[in-house]
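Residue-level listing of the chains:
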Amino acid sequence: MTLIKKQLLRMLSLISIIEGVSMSLPMIVALKYEETRVFFSTMMIAAISVGIGLLIRGFVKPQPLKFKSRDAFLYLILSMFTAVFVASLPYFFSGEGYNYIDCWFEAASGWTTTNAYVIPSDDIPLSLAMWKSETCWMGGLVIIFLTISLFQKLGIGGQKSMSYEISGSEGEPVNQRLSHSLRMAVEIYGILTVLEFLMLLPSGNDPYFALLDTFSTVSTSGMVDVSAGGMSRVLTPYTEFVFTVFSFLSSINFIVYFMLLRGKPKAAFRNLEVRIYIVIILVSGLLVSMILAWQDPQHSVLASFGNGFMITVSFASTSGFKTEIIGAWPSFVKTLLMFLCLIGGCGFSTSSGIKVQRLVVLFFIVSRGFLKRIHPHMVKPIVIRNRTVSAERAASITSYTLLFFAFYILSTVLLSLDDLGLETTLAAPWAAITNTGMGFGAINTGFFGIFSHYGRLLLSFVMIAGRLDIYAFMVLFSRSFWDANRVTD
Amino acid sequence: MTVNIKNSCYIIGIMIGILGICLVPSVIVAVIYGETPEAQALTITLLLCLVPAVIVYIINKIRKEKLTRIKARDGFFIVTAAWLLYSAITAIPFVVTDSIPDFIDAFFEMCSGYSTTGSTILTDVESLPKSMLFLRSFTHWLGGMGIIVFTTAVLPSIGIEGQMIAANETPGPTNDKIWARYTDNSRNLYTLYFVITIIETILLMLGGMSLYDSLVQTFGTVGTGGFSNYGDSIGHFHSLYIYWVITIFMMICGTNFNLYFVLFKRGINSMFQDDEFKMYISFYLTVSILASIDLIFKHHYSEGIAYSITSAFFHVASIMTTTGYALDDFDLWPTFAKMMLMLVFLTGASSSSTGGGPKIIRILVSLKLIRRGVSVKIHPNRIYPIKVNKKAVPTDVVTNIANFMFFYIAVLFIGWLLISIDGHDLVTSFTAALTCLGNVGPGFNEVGPVCNFSFFSPFSKLVMSFLMIAGRLELFTFFILLSRRYWNSNRA
Numbered sequence: 004m005t006l007i008k009k010q011l012l013r014m015l016s017l018i019s020i021i022e023g024v025s026m027s028l029p030m031i032v033a034l035k036y037e038e039t040r041v042f043f044s045t046m047m048i049a050a051i052s053v054g055i056g057l058l059i060r061g062f063v064k065p066q067p068l069k070f071k072s073r074d075a076f077l078y079l080i081l082s083m084f085t086a087v088f089v090a091s092l093p094y095f096f097s098g099e100g101y102n103y104i105d106c107w108f109e110a111a112s113g114w115t116t117t118n119a120y121v122i123p124s125d126d127i128p129l130s131l132a133m134w135k136s137e138t139c140w141m142g143g144l145v146i147i148f149l150t151i152s153l154f155q156k157l158g159i160g161g162q163k164s165m166s167y168e169i170s171g172s173e174g175e176p177v178n179q180r181l182s183h184s185l186r187m188a189v190e191i192y193g194i195l196t197v198l199e200f201l202m203l204l205p206s207g208n209d210p211y212f213a214l215l216d217t218f219s220t221v222s223t224s225g226m227v228d229v230s231a232g233g234m235s236r237v238l239t240p241y242t243e244f245v246f247t248v249f250s251f252l253s254s255i256n257f258i259v260y261f262m263l264l265r266g267k268p269k270a271a272f273r274n275l276e277v278r279i280y281i282v283i284i285l286v287s288g289l290l291v292s293m294i295l296a297w298q299d300p301q302h303s304v305l306a307s308f309g310n311g312f313m314i315t316v317s318f319a320s321t322s323g324f325k326t327e328i329i330g331a332w333p334s335f336v337k338t339l340l341m342f343l344c345l346i347g348g349c350g351f352s353t354s355s356g357i358k359v360q361r362l363v364v365l366f367f368i369v370s371r372g373f374l375k376r377i378h379p380h381m382v383k384p385i386v387i388r389n390r391t392v393s394a395e396r397a398a399s400i401t402s403y404t405l406l407f408f409a410f411y412i413l414s415t416v417l418l419s420l421d422d423l424g425l426e427t428t429l430a431a432p433w434a435a436i437t438n439t440g441m442g443f444g445a446i447n448t449g450f451f452g453i454f455s456h457y458g459r460l461l462l463s464f465v466m467i468a469g470r471l472d473i474y475a476f477m478v479l480f481s482r483s484f485w486d487a488n489r490v491t492d
Numbered sequence: 006m007t008v009n010i011k012n013s014c015y016i017i018g019i020m021i022g023i024l025g026i027c028l029v030p031s032v033i034v035a036v037i038y039g040e041t042p043e044a045q046a047l048t049i050t051l052l053l054c055l056v057p058a059v060i061v062y063i064i065n066k067i068r069k070e071k072l073t074r075i076k077a078r079d080g081f082f083i084v085t086a087a088w089l090l091y092s093a094i095t096a097i098p099f100v101v102t103d104s105i106p107d108f109i110d111a112f113f114e115m116c117s118g119y120s121t122t123g124s125t126i127l128t129d130v131e132s133l134p135k136s137m138l139f140l141r142s143f144t145h146w147l148g149g150m151g152i153i154v155f156t157t158a159v160l161p162s163i164g165i166e167g168q169m170i171a172a173n174e175t176p177g178p179t180n181d182k183i184w185a186r187y188t189d190n191s192r193n194l195y196t197l198y199f200v201i202t203i204i205e206t207i208l209l210m211l212g213g214m215s216l217y218d219s220l221v222q223t224f225g226t227v228g229t230g231g232f233s234n235y236g237d238s239i240g241h242f243h244s245l246y247i248y249w250v251i252t253i254f255m256m257i258c259g260t261n262f263n264l265y266f267v268l269f270k271r272g273i274n275s276m277f278q279d280d281e282f283k284m285y286i287s288f289y290l291t292v293s294i295l296a297s298i299d300l301i302f303k304h305h306y307s308e309g310i311a312y313s314i315t316s317a318f319f320h321v322a323s324i325m326t327t328t329g330y331a332l333d334d335f336d337l338w339p340t341f342a343k344m345m346l347m348l349v350f351l352t353g354a355s356s357s358s359t360g361g362g363p364k365i366i367r368i369l370v371s372l373k374l375i376r377r378g379v380s381v382k383i384h385p386n387r388i389y390p391i392k393v394n395k396k397a398v399p400t401d402v403v404t405n406i407a408n409f410m411f412f413y414i415a416v417l418f419i420g421w422l423l424i425s426i427d428g429h430d431l432v433t434s435f436t437a438a439l440t441c442l443g444n445v446g447p448g449f450n451e452v453g454p455v456c457n458f459s460f461f462s463p464f465s466k467l468v469m470s471f472l473m474i475a476g477r478l479e480l481f482t483f484f485i486l487l488s489r490r491y492w493n494s495n496r497a
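Residue numbers (the numbering used here), protein chains in the order written: chain A, 4 to 492; chain F, 6 to 497.
Do not take every clue at face value.
[Unchecked claim] Part of the chain F face toward chain A, derived, beta carbon under 7 Å:
hint: 1; residue: P339
hint: 2; residue: M344
hint: 3; residue: I375
hint: 4; residue: K382
hint: 5; residue: F411
hint: 6; residue: F412
hint: 7; residue: S425
hint: 8; residue: S434
[Stated by the list, open to error] Residues of chain A placed beyond 12 Å of chain F at every Cβ, according to the derived structure:
hint: 9; residue: I51
hint: 10; residue: L181
hint: 11; residue: H302
hint: 12; residue: T391
[As the list claims (entries may be wrong)] Taking lysine-lysine pairs in the DSS-like style, the calculated list, with each CA pair at most 27 Å apart, reads:
hint: 13; chain 1: A; residue 1: K375; chain 2: F; residue 2: K373
hint: 14; chain 1: F; residue 1: K76; chain 2: A; residue 2: K375
hint: 15; chain 1: A; residue 1: K383; chain 2: F; residue 2: K76
hint: 16; chain 1: F; residue 1: K373; chain 2: F; residue 2: K283
hint: 17; chain 1: F; residue 1: K11; chain 2: F; residue 2: K66
hint: 18; chain 1: F; residue 1: K11; chain 2: A; residue 2: K375
hint: 19; chain 1: F; residue 1: K283; chain 2: F; residue 2: K396
hint: 20; chain 1: F; residue 1: K270; chain 2: F; residue 2: K392
hint: 21; chain 1: A; residue 1: K64; chain 2: A; residue 2: K9
hint: 22; chain 1: F; residue 1: K283; chain 2: F; residue 2: K395
hint: 23; chain 1: F; residue 1: K66; chain 2: F; residue 2: K76
hint: 24; chain 1: F; residue 1: K396; chain 2: A; residue 2: K375
hint: 25; chain 1: A; residue 1: K383; chain 2: F; residue 2: K392
hint: 26; chain 1: F; residue 1: K395; chain 2: F; residue 2: K270
hint: 27; chain 1: A; residue 1: K383; chain 2: F; residue 2: K373
hint: 28; chain 1: F; residue 1: K392; chain 2: A; residue 2: K375
hint: 29; chain 1: F; residue 1: K373; chain 2: A; residue 2: K71
hint: 30; chain 1: F; residue 1: K270; chain 2: F; residue 2: K396
hint: 31; chain 1: F; residue 1: K373; chain 2: F; residue 2: K396
hint: 32; chain 1: F; residue 1: K283; chain 2: F; residue 2: K392
hint: 33; chain 1: F; residue 1: K76; chain 2: F; residue 2: K11
Read the hints as simulated data drawn from the structure, not as lab findings.
Glycine included, every Cβ here is placed at the ideal spot set by N, Cα and C.
From just these sequences and the hints, can you work out the full model?
Here it is, written out as structure tokens:
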């Protein structure tokens with residue numbers, strides 16, 4: 004079975020074209036703020052990307068869209084690598100003299116909606132900061148897109164089969180349903196983007212920042228820091244509020260929006276996953292706020308509550324933005340926030356982490372463990388709201404969770420070669436694998452520049468693996484993947 | 006069907022009596038060293054322990070229906086109650102003699118003893134009377150093989166019921182036994198345990214230790230506990246011979262004890278056919294070698310290569326078998342070497358050994374589950390059985406292992422969160438929870454090998470005490486008591 008396939012080439016070339024076209028935005032910004040070197044180099048890259056893409060698509064004929072699971076994984080990982088590679092080029096050729104690994108890191112950080120950074124905020128031109136933010140936004144879009152189309156077939160993404168919920172009228176054939184749903188999902192994402200942008204415009208900052216922050220927060224990536232050209236953003240309670248709200252909105256299961264748009268608000272509000280997610284945020288937010296209010300007499304109680312909920316949503320949605328120095332916060336709060344980003348957001352959203360849906364099933368798996376010890380011969384499936392969770396799904400979630408932790412531990416071991424102390428070595432892969440981009444220890448501002456180039460490269464792979472639910476990354480290491488005739492493994 | 010409290014209390018009563026008898030060696034030590042107040046306190050505690058035992062014994066004699074009938078379900082209650090009571094009662098002499106005046110501190114120390122953790126709240130170990138230090142280490146010896154196993158070895162009348170109870174105490178996902186009668190099994194285990202104890206004691210004395218020191222260190226090794234009577238732990242002895250003897254014996258006691266019986270019957274090759282044992286040894290060697298390399302390359306030890314290698318092999322064995330002895334401050338190690346230690350924190354020792362942690366067999370099965378998960382994604386229609394020792398593992402057992410791992414992570418995180426209320430840094434809180442749950446002893450940062458646990462709040466100490474016992478009893482035995490359905494399964 005050949006691995007280089009025509010349809011793969013067409014897909015990768017499409018990615019190239021889309022990225023090339025989207026580079027027009029940083030080009031416009033570069034033009035406006037007179038970053039001429041960046042303008043010209045980005046224009047060249049855009050032209051070449053689009054050109055090569057069109058060329059390939061011209062020569063390679065369209066193929067019927069059928070592929071096996073293992074091919075799908077390969078396409079996924081190669082597409083991600085291609086997207087990151089193309090995205091790294093504007094940084095590299097910008098004339099700022101960045102090391103290539105740093106450019107790769109920034110690109111990966113964008114596409115995986117992590118938003119960690121290695122290029123300091125005073126060292127990055129405005130146009131490239133906008134490019135970073137735009138890649139975050141595209142990363143979020145891609146995840147929404149992939150969740151409906153590919154992830155269900157591959158059994159990843161942390162949401163149970165949505166065909167029942169997504170289907171519109173019963174008479175539609177499946178393919179039409181799928182493309183209809185895809186369009187709806189993309190539209191919802193677009194609407195959220197436009198809404199946030201409009202709400203950020205009157206905040207008193209330059210529209211540049213309104214766009215920059217919209218892209219990065221609506222994709223639950225974080226906040227891009229930039230201070231070139233004397234421009235800086237002023238954070239007001241209003242802007243913080245907008246960030247919080249839209250991070251939250253992007254982190255809930257998009258099914259809810261589907262149901263609202265179909266005129267079924269009751270069903271939307273009954274969604275179990277979103278309800279549990281909201282409870283998690285409320286309880287954690289209250290705890291954090293109360294502790295902050297109690298510990299920090301400088302802020303008013305209202306401010307503490309605001310900060311408390313903001314940072315709770317920031318971590319729970321795996322965005323990872325902050326507006327204060329959190330390194331000095333009480334340990335309990337820090338630990339709680341780490342758990343929140345581990346749990347992550349809901350399935351079928353731009354958030355990452357283990358996802359609330361899986362957490363619910365894991366809880367039932369553990370409590371069934373108790374039941375089995377009291378009644379060893381009982382046969383009792385896991386039932387959530389009168390729907391049985393299949394043994395297959397439970398096994399899949401079990402494997403995934405174990406893989407998640409094993410991969411995390413492996414990355415901490417590999418990262419420890421950088422010799423930066425236990426706290427940072429444990430915190431950085433945690434921030435990367437949950438695509439939060441920020442954590443504690445030396446990375447509490449999201450700055451990953453403390454790591455060696457080896458460390459940065461390693462963490463970029465951890466970010467990619469985390470975004471693609473690790474399987475897509477791990478299949479590359481499975482021998483039976485490369486050799487289909489191998490029976491054992 | 007509910008828990009039979011009366012019958013359970015009978016067994017607990019008998020076990021408290023046995024605890025009383027176990028205090029005798031400490032009394033002897035007190036008498037030898039002329040520590041009169043300690044001898045008195047110990048003797049009084051001893052007699053107090055005998056009282057409930059005698060009472061329940063008489064009651065049992067009088068009653069028509071004997072109280073020995075218990076069911077498997079009672080086992081959870083008996084084991085947990087016994088372990089908690091043992092810790093609480095053994096704390097009494099320490100409080101009364103002012104060795105550890107605060108009861109919560111003493112309770113922590115005793116939980117640490119019986120669970121063979123080895124975390125200490127003592128700031129100056131060497132200031133305690135010798136008999137008290139002896140008792141403290143003796144709890145390791147008792148708790149290592151298990152107080153239930155000890156009881157079933159001693160009291161044949163507990164017999165079959167004992168097996169059900171002991172299953173809740175024996176570390177590991179399945180309950181293998183070599184002999185048909187469980188009492189035989191317990192007796193043989195304890196005999197083997199005894200023999201290993203004596204051999205190590207003699208070997209250590211040959212290295213120049215006094216009998217007293219040798220016994221204390223042996224109890225800590227054989228029970229994979231970690232208490233020492235010296236503030237600098239094993240580093241006190243400055244002898245490569247002693248370091249290596251202890252390393253080897255730690256590894257011996259972290260091995261599946263059933264394998265030794267297999268060894269006697271079928272020779273040493275059969276031991277090396279066991280998948281868990283193979284993983285245990287290969288993992289140990291790999292991690293130790295990697296840690297040595299890091300220490301040597303970074304020139305961490307001025308004492309040279311031989312000491313660096315010794316230190317690596319010693320500390321990896323110490324953490325992996327969850328003993329917790331230290332030669333020096335491994336918190337100063339370079340990050341990679343520390344991460345090697347962190348790895349073995351997370352695996353623990355073999356099942357059916359005196360060690361703690363999640364156990365190698367569970368890690369082995371989890372890894373196979375992961376590999377199966379990845380393979381299933383690629384070939385969704387193939388069937389991949391999980392095989393250990395060439396036999397397929399029953400689905401039930403695999404499920405139990407998986408939900409144990411998840412519950413372990415959940416308890417670890419909750420413990421970590423509760424301890425973090427005290428406000429210490431992330432690594433301190435996390436490794437404090439990790440070390441207690443895994444029954445290791447030391448952690449990193451403020452709970453490193455040269456530190457102690459005295460600075461934690463009483464709340465944190467209680468949390469850690471429960472973590473230690475819960476970890477030793479493999480979680481479910483302990484937490485199931487919180488389930489209403491356990492006490493009354495007529496509840497839907």
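Going back to the hint list, which numbers does this structure go against?
none
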